[in-house]
Amino acid sequence: EAQVTQNPRYLITVTGKKLTVTCSQNMNHEYMSWYRQDPGLGLRQIYYSMNVEVTDKGDVPEGYKVSRKEKRNFPLILESPSPNQTSLYFCASSPSVVSSYNEQFFGPGTRLTVL
Amino acid sequence: DAKTTQPTSMDCAEGRAANLPCNHSTISGNEYVYWYRQIHSQGPQYIIHGLKNNETNEMASLIITEDRKSSTLILPHATLRDTAVYYCIVINNNDMRFGAGTRLTVKP
Chain A
427 EAQVTQNPRY LITVTGKKLT VTCSQNMNHE YMSWYRQDPG LGLRQIYYSM NVEVTDKGDV
487 PEGYKVSRKE KRNFPLILES PSPNQTSLYF CASSPSVVSS YNEQFFGPGT RLTVL
Chain B
-16 DAKTTQPTSM DCAEGRAANL PCNHSTISGN EYVYWYRQIH SQGPQYIIHG LKNNETNEMA
44 SLIITEDRKS STLILPHATL RDTAVYYCIV INNNDMRFGA GTRLTVKP
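Respectively, the protein sequence lines represent chains A and B.
Under my numbering, the first residue of the first sequence is numbered 427, with each subsequent residue one higher.
Under my numbering, the first residue of the second sequence is numbered -16, with each subsequent residue one higher.
So that you can see chain A by itself, here it is in the shape it has in the complex (with noise of 0.2 Å):
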């Protein structure tokens, strides 16, 4: 089945214990995300990677960290997690962020309390 996957999909913590969020996809695609989601917010883009070894920037990247090594994965890490960092994170993926056609898939949410 196509999906993207994230684990944990619940995690609370405390603050400045390093934590990793996976994210994997099993349909070949080149572009992957993450977002972060708060009341009131909607959909925040953190990180962005258009193929293996290629990310940038989103929107809200302060306090993040993001890797692609290898097509399939785009862990987020948070090295120092601070309380306004708690969340509901998604992952997503697209086929190609070049053609006309990039419909992103969304990992099911982890939702991440710094205490």
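It should be emphasised that the hints constitute simulated quantities derived from the structure, not laboratory data.
Because the structure is a prediction, the values reported are computed rather than measured.
Hints should not be assumed to be uniformly reliable.
[Said to hold, decoys possible] Listed below are several chain A residues computed to face chain B (Cβ distance under 10 Å; list not exhaustive): (1) Gly468; (2) Tyr474; (3) Val478; (4) Tyr490; (5) Phe532.
Ideal Cβ placement from N, Cα and C applies to all residues, glycine included.
Chain B: place on chain A using the hints.
Using the frame of chain A, we list chain B on its own:
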């Protein structure tokens, strides 16, 4: 900022057509209009997209004005399960910014 403007919320009676408007007055010639919806806190789901022609699929129809400055998503026979937040976004290459969307509530 998102390139689109949508009403904050709308109601629709079950079985009736839901017409969700979107303004994208600064759209440029090579930018597509995409619609997604998000049910509760699930991941957003693709609905439909278009460039300048009207489009229809099994989920919805998309009507784009001739000047491309606005569009309307039509759910022809809304059901309670269509209650969701609907996002209209304008996409050009890697710019995929979501606005706040329209919260559609389908009522029995």
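Tested hints:
1. Using the Cβ-Cβ criterion of 10 Å, the hint placing glycine 468 of chain A at the interface with chain B is satisfied: the shortest such distance is roughly 5 Å.
2. The restraint placing tyrosine 474 of chain A at the interface with chain B holds, with a minimum CB-CB distance near 6 Å, inside the 10 Å limit.
3. A distance limit of 10 Å between C-beta atoms decides the matter here; for valine 478 of chain A the minimum to chain B is near 15 Å, and the interface restraint is violated.
4. The beta carbon of tyrosine 490 of chain A is not positioned within 10 Å of any beta carbon in chain B (closest approach about 17 Å), and the interface hint is therefore violated.
5. Given hint, phenylalanine 532 of chain A at the interface with chain B, holds; its Cβ is 3 Å from that chain's nearest Cβ, closer than 10 Å.
In summary, the structure is inconsistent with hints 3 and 4 from the numbered list given earlier, while agreeing with the others.
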